[in-house]
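Given chain E, work out where chain Y should sit, using these hints.
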Amino acid sequence: MIRSLVSPEFLVKIDHQQCRRCKRCVLNCGFGALSFMDRVVPDNNKCVACQRCVTFCPEGAITVERHPLTFKNNWHWSVDNIRAIYKQAESGAMVVTGMGNDRPYISYFDHMVLDACQVTNPSIDPLREPMELRTYLGSKPNALQFKEQDGEVALDTRLSPQVILETPIIFGAMSYGAVSLQAHKALAKAASIAGSLMNTGEGGLHKELYPYGDRIIVQVASGRFGVNQEYLERGAAVEIKIGQGAKPGIGGHLPGEKVSQEVSQTRMIPEGSDALSPAPHHDIYSIEDLSQLIYSLKEATRYTKPVGVKIAAVHNVAAIASGIARAGADYVYIDGFRGGTGAAPTIIRDNIGIPVEMAIAAVDDRLRQEGIRNQVTLVAAGGIRNSGDVAKAIALGADLVAIGTAALLAMGCHLCQKCNTGNCSWGITTQRPELTARLDPEEAAERLANLLRGWSLELKEILGALGVNAIESLRGSRERLRGVGLNQVELDVLGIKPAGR
Amino acid sequence: MKGTSPRIPSGCSITGIFNRKAKRFSGADVIKSIRLMHDRSNGLGGGFAGYGIYPQYRDHYAFHMLYDSEASQRETERFLEKNFIIDRSEPIPTRPHPNITDAPILWRYFLRLKPYVVEQFSASQDAKHMGEAGNGLSEKNYVVRQVMDINQQIDGAFVASSGKNMGVFKGVGYPEDIGEFYRVDEYEGYMWTSHGRFPTNTPGWWGGAHPFTILDWSVVHNGEISSYGINKRYLEMFGYHCTLQTDTEVIAYLFDLLHRRQGLSLEHTCLALAAPFWKEIDRYPEAKRDVARAIRQVYGSAMLNGPFSLVVGFTGCMIGITDRIKLRPLVCGQKEEVVYLSSEESAIREICPAPDRVWTIRAGEPIIVTLEEGVQP
Numbered sequence: 001m002i003r004s005l006v007s008p009e010f011l012v013k014i015d016h017q018q019c020r021r022c023k024r025c026v027l028n029c030g031f032g033a034l035s036f037m038d039r040v041v042p043d044n045n046k047c048v049a050c051q052r053c054v055t056f057c058p059e060g061a062i063t064v065e066r067h068p069l070t071f072k073n074n075w076h077w078s079v080d081n082i083r084a085i086y087k088q089a090e091s092g093a094m095v096v097t098g099m100g101n102d103r104p105y106i107s108y109f110d111h112m113v114l115d116a117c118q119v120t121n122p123s124i125d126p127l128r129e130p131m132e133l134r135t136y137l138g139s140k141p142n143a144l145q146f147k148e149q150d151g152e153v154a155l156d157t158r159l160s161p162q163v164i165l166e167t168p169i170i171f172g173a174m175s176y177g178a179v180s181l182q183a184h185k186a187l188a189k190a191a192s193i194a195g196s197l198m199n200t201g202e203g204g205l206h207k208e209l210y211p212y213g214d215r216i217i218v219q220v221a222s223g224r225f226g227v228n229q230e231y232l233e234r235g236a237a238v239e240i241k242i243g244q245g246a247k248p249g250i251g252g253h254l255p256g257e258k259v260s261q262e263v264s265q266t267r268m269i270p271e272g273s274d275a276l277s278p279a280p281h282h283d284i285y286s287i288e289d290l291s292q293l294i295y296s297l298k299e300a301t302r303y304t305k306p307v308g309v310k311i312a313a314v315h316n317v318a319a320i321a322s323g324i325a326r327a328g329a330d331y332v333y334i335d336g337f338r339g340g341t342g343a344a345p346t347i348i349r350d351n352i353g354i355p356v357e358m359a360i361a362a363v364d365d366r367l368r369q370e371g372i373r374n375q376v377t378l379v380a381a382g383g384i385r386n387s388g389d390v391a392k393a394i395a396l397g398a399d400l401v402a403i404g405t406a407a408l409l410a411m412g413c414h415l416c417q418k419c420n421t422g423n424c425s426w427g428i429t430t431q432r433p434e435l436t437a438r439l440d441p442e443e444a445a446e447r448l449a450n451l452l453r454g455w456s457l458e459l460k461e462i463l464g465a466l467g468v469n470a471i472e473s474l475r476g477s478r479e480r481l482r483g484v485g486l487n488q489v490e491l492d493v494l495g496i497k498p499a500g501r
Numbered sequence: 001m002k003g004t005s006p007r008i009p010s011g012c013s014i015t016g017i018f019n020r021k022a023k024r025f026s027g028a029d030v031i032k033s034i035r036l037m038h039d040r041s042n043g044l045g046g047g048f049a050g051y052g053i054y055p056q057y058r059d060h061y062a063f064h065m066l067y068d069s070e071a072s073q074r075e076t077e078r079f080l081e082k083n084f085i086i087d088r089s090e091p092i093p094t095r096p097h098p099n100i101t102d103a104p105i106l107w108r109y110f111l112r113l114k115p116y117v118v119e120q121f122s123a124s125q126d127a128k129h130m131g132e133a134g135n136g137l138s139e140k141n142y143v144v145r146q147v148m149d150i151n152q153q154i155d156g157a158f159v160a161s162s163g164k165n166m167g168v169f170k171g172v173g174y175p176e177d178i179g180e181f182y183r184v185d186e187y188e189g190y191m192w193t194s195h196g197r198f199p200t201n202t203p204g205w206w207g208g209a210h211p212f213t214i215l216d217w218s219v220v221h222n223g224e225i226s227s228y229g230i231n232k233r234y235l236e237m238f239g240y241h242c243t244l245q246t247d248t249e250v251i252a253y254l255f256d257l258l259h260r261r262q263g264l265s266l267e268h269t270c271l272a273l274a275a276p277f278w279k280e281i282d283r284y285p286e287a288k289r290d291v292a293r294a295i296r297q298v299y300g301s302a303m304l305n306g307p308f309s310l311v312v313g314f315t316g317c318m319i320g321i322t323d324r325i326k327l328r329p330l331v332c333g334q335k336e337e338v339v340y341l342s343s344e345e346s347a348i349r350e351i352c353p354a355p356d357r358v359w360t361i362r363a364g365e366p367i368i369v370t371l372e373e374g375v376q377p
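Chains E and Y supply the protein sequences, listed in that same order. Going by the numbering used here, the first residue of the first sequence is number 1, and it counts up by one from there. Going by the numbering used here, the first residue of the second sequence is number 1, and it counts up by one from there.
One should not assume that every hint holds.
[Stated by the list, open to error] The list that follows gives simulated cross-link-like pairs (lysine-lysine, BS3-like), each with its CA atoms no further than 30 Å apart:
{"#": "1", "chain 1": "E", "residue 1": "Lys-207", "chain 2": "E", "residue 2": "Lys-87"}
{"#": "2", "chain 1": "Y", "residue 1": "Lys-21", "chain 2": "Y", "residue 2": "Lys-32"}
{"#": "3", "chain 1": "E", "residue 1": "Lys-147", "chain 2": "Y", "residue 2": "Lys-279"}
{"#": "4", "chain 1": "Y", "residue 1": "Lys-23", "chain 2": "Y", "residue 2": "Lys-279"}
{"#": "5", "chain 1": "Y", "residue 1": "Lys-326", "chain 2": "Y", "residue 2": "Lys-32"}
{"#": "6", "chain 1": "E", "residue 1": "Lys-23", "chain 2": "E", "residue 2": "Lys-13"}
{"#": "7", "chain 1": "E", "residue 1": "Lys-298", "chain 2": "Y", "residue 2": "Lys-288"}
{"#": "8", "chain 1": "Y", "residue 1": "Lys-326", "chain 2": "Y", "residue 2": "Lys-279"}
{"#": "9", "chain 1": "Y", "residue 1": "Lys-23", "chain 2": "E", "residue 2": "Lys-147"}
[To be verified] To give a feel for the contact side, a few chain E residues facing chain Y, derived at Cβ under 7 Å:
{"#": "10", "residue": "Ala-154"}
{"#": "11", "residue": "Arg-368"}
{"#": "12", "residue": "Ser-477"}
Hints listed in this document are in silico derivations from the structure and should not be mistaken for laboratory results. Glycine included, every Cβ here is placed at the ideal spot set by N, Cα and C.
Okay, chain E solo, but in the shape it has when bound (with noise of 0.2 Å):
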């Protein structure tokens, strides 16, 4: 039998002259790249670039590197094309990769500048003035009505629920079983120090977690892992989802591997089971039948929670969101082909989809168009690196963001894009007792609150040049925006002028 085809990724180097024999790398590394034989010897077919080991070592004496190119160079056929076909020719399986499109598409976000303000309308300097960053996230009507009662002007219109957020950033949906619950407990703290929100993602929520309850959205998927009456009533809001941007159109993929007895537990489904949950809900093949759903949660919580619905923005992606709103949802959360995942086939994740800057300008201009748009909270997802795409996005027409991989990197990941294997080693996507115990829920959730806390003064920055001192005077602005180096048709879709104009 011949040896495997496919070369390693990356090359590790010990300084054997540094290296003192502590073995803290084989410790911590989680894909067993590591071992000790006299000396640390590294099998480089197996190192993922996760950059714990470098991160570890006390004396610095590790490197990984890029392996050297092993192939011709060839344009049309990348080094990531044949390491496929081989890994395909020996396998005759799927490639299954973790997190988001890493392809070079081009990123809108990189070719939108945002505007400031100079002399005829003053900046304002946000660490003088107040600026507000509060959201409501919940289905808003198109005009209120008033009555006289004991010779005061009051409420006619009662509103639908709204959660407060005190930022227009939450965390977008990663199941318990995809990250550890240490993972999870540090997103929930997060969402509570910094008036956010965390999302369960698929997975059901532990019974740890129920005390940060007003502060997590619930999700309804296909599979209906961990679904029941308690579950829905502990959410601030639930969220039946559709699809996710790294897969539209599939369902999901929890390896039995990373099925332990809690996660089993909190999912409802047996130990060691692979969690696949539906491409489709079995109960949902129109919108009608959506609607439904949405209706049927709603009673289910008695119409205290706004009910919303995640969709990855595909081609259509506008019209399938008025649907969505005139179904009855109170928000619609887009998930862009960035948007990250802990498995996906790397096919699907890598082709398809739209970028959701494209997919955001769509949906509420379609929204505006049929007057709908009040009706539902816009949240915008998928590949938000900094709180300059999420200013654009607001800009462009979002309520709020969701972010999933930049609360993993806050919490330490490295983005090595191997989630699938429930091997992480920084205890985040992995479920084995001696990774998940790595991450402090504690310190994370630190680590991610003052990533909120520093996007939001950020944000405040942004206002303050643009010389507004509240949110949604940003929201749907596009004015605000001007696109470099796009053309015509790309800027009509987008909304906004080139820059000069």
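The following block gives chain Y in isolation, referenced to the frame of chain E:
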């Protein structure tokens, strides 16, 4: 229109005078007041709105028009004939003025509605889009639609004002010169507002001068609406087209939408446009907090953000308001039944040397001046 240009940010002076007994007085006062603030404008725009100036035509929609050419006038008149009954059509009287040049054709029409057009309009897609079919607002919505159509579709024609028993006189020049040019001193009204303009990045054009109007709403504005982008897109959802590309335009439409069409009280309308900060709202007593919070939640896209002070006029009412951190000045004065609003106290004292009261209005808190009880405009 010639000289049309993208959004024009501007500095400015504003002033307003209101007689609460609806006693009419000459426009000479308002010219005198705005003249004092000459240095706040730069000769690229001035204008006046007078209320109660056409008592003989009090039930007619008075359309003040600016035309680039006779062709645009002819096209507009065909449009008006088709959609209204024109009871009177005449040039707006002017006197030659050395500082006012290149005036467009200035014309006014006193219009009545044709029978049945409102019913037809109510049944139309347009009216449905405006969400008001058949609820009694349709007549005014119909007029709004005609104004939008003229501004949007007829090249070189621009509606300066379209309300009843009121009119707007505006153009390129210093406001005091514009007032003399239009013979504003020869009209009598119970309310006058005025504006002197300092546009900063383009030459002004006649249509771009303040006041901006829709129906009998008029707005004079010192400042810039930094939230213009979203205010405009919000209004589009309700059938308003911001064709003039000037931020002030959205203010008139927002008052029209929130107060006239959606039935919010003037206080609540002002609460939406210059909303209190959340930390203030959080401290309100419960009932008041619920109202203020709901207004911000629902009308967030209508909030005006950026530096502004405004004087808004409409039949029987004058409103003064600034942005919520008061980046532009506004002073209020009162002498017996007359109330004054102005960018500067001196401009009030210029015409009312000994007011009973003069005070600086607070950030975001509106002054709403109405006629005394039982007085008809």
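Verification of the hints:
1. E:Lys-207 / E:Lys-87: Violated. Lys-207 of chain E to Lys-87 of chain E sits at ~40 Å, over the 30 Å cutoff.
2. Y:Lys-21 / Y:Lys-32: Holds: Lys-21 of chain Y and Lys-32 of chain Y sit about 22 Å apart, inside 30 Å.
3. E:Lys-147 / Y:Lys-279: Holds, because 25 Å separates the two Cα atoms, which is no more than 30 Å.
4. Y:Lys-23 / Y:Lys-279: 43 Å, violated
5. Y:Lys-326 / Y:Lys-32: 26 Å, holds
6. E:Lys-23 / E:Lys-13: Holds. Lys-23 of chain E to Lys-13 of chain E sits at ~15 Å (cutoff 30 Å).
7. E:Lys-298 / Y:Lys-288: Measuring from Cα to Cα gives roughly 28 Å; hence the hint holds.
8. Y:Lys-326 / Y:Lys-279: Measuring from Cα to Cα gives roughly 17 Å; hence the hint holds.
9. Y:Lys-23 / E:Lys-147: 34 Å, violated
10. Ala-154: 6 Å, holds
11. Arg-368: 5 Å, holds
12. Ser-477: Check passed: Cβ of Ser-477 of chain E comes within 3 Å of chain Y, closer than 7 Å.
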